[in-house]
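Construct all of the structure, not just a fragment, from the sequences and the given hints.
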Amino acid sequence: MSLSTPHPKDPPELTTTESVHEYLHSLSLSSSTNPFSSSLTPFLTPHAIRRITLGSTNYTYRLFLPPNSAANNAQTNDATTAILKYASAYTAGEPRVRFDPARQAFEVRAMDEIPWPEIIPVQSQGLPQVKIPRVYFADPARRVIIMEDGTPRTRRKEREDAAGVTMNSGSGEVDGDDGVWEELSHSSRIFLEEVPASPEKYATASVLGRTLGMFLARMHNWGRGGREGEGEGATPWVREAFGGNTYARDLTIQEAIEDFWTGVGCCDTEGDKNRVLAGPREEEVRERLEEMRRRILSDYETLVMGDFWPGNVLLPFSNTPSTCPSLFPITLNIAQSLTLETLSIIDWEFAMAGPAFLDVGNFIGEVFLINYFERNDEVYTRLLEAFIAEYETHTPPERLDIGMILPRPYRAGAAAEDKFAPE
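Residue 385 in the UniProt record's numbering is what sits at position 385 of the sequence shown, and the numbering runs on without skipping anything.
In short, the hints are calculated from the structure, not lab data.
We treat Cβ as the ideally placed atom computed from N, Cα and C, and that holds for glycine.
Pair ranges (Cβ atoms, derived):
1. R375 <-> R294: 27 to 37 Å
2. P12 <-> R375: 39 to 49 Å
3. P11 <-> E282: 46 to 56 Å
4. F373 <-> R281: 17 to 27 Å
5. Q129 <-> P95: 33 to 43 Å
6. E398 <-> G263: 29 to 39 Å
7. P199 <-> T393: 15 to 25 Å
Right under this line is the structure:
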């Protein structure tokens, strides 16, 4: 990874593709004084830039890199795309929500300094290989990261070959448009919610759940000091590197605790609050949330990702035969048989030293709510049961804190169909 030289004055926000073009151009002009200019070469003159709008925290762009570049080959291993993330002082999806851009330092540290090969096993048990995007370049002064694309796009000729079609050269499409490839690589939420129900879809959801459960358990065990999690709390390095992420800690408390009571207050009309929370029930909830607040602030148990949910899991489907025996071919809307060799986990700016239940609870809560309000088949049930079972399998019993976040009836092994269905 390369770090830029500081910029002398407060620069403009990178909130449009035009501003990103100008930023990259300014880097090319400073090449004579920037010692890392050679490593930047692939990114300075992309032939297309596209805004990615799926996320809500950062301004994120896909850079379509120039082909046939020797520097590109050396720096990005022949990648055709890269991701540029810009951290504004406010979230991209809601400009009224302030989120200190200093958070980005923790994201870079998580992706670049954690020894992921120690945590992530080489593809095993027929599961996809988990990947953390590689950081190509970081510019702390401009709050910019250029990183590996977790769902890379191909150039038009490669898309034609993959789709078995020839695109009309007069259609106006240029290299850099997503075109046919748009259907193949996405956030896992798009796969889980938009692909029609099928045995193959459910089998793949179970594989995803197993993969994510194993990954999270291994990361938590490593953060405690060993593969079996025998350490007493987070390791000194985890405490030093991620204990200071107060930005993520404060926002987690705001969203999980303060906003909860704000939401309850909004329902306090015509006796709704008395129906939902009253007497002993309200007291129990307050006690549980205060215990959560205390542990978020003081319990440095391990390394936690802080934003672990399906939206931060990217699935780069491929139309090449899979080497994973337990993966089934999937048919998407373009009627292709696809396989999944890898998956990428992104958005590490919430990485902190904290209690492991934050990650487990966030994943379970997100999946439960998405399923409850947007349910159209049983896929989230399959995902969640596999995730919980695999996490429990790879976590020492004394380290399991499922009781803090999940009542017993929702544990793995119970009949799935009814317990997530809306009443």
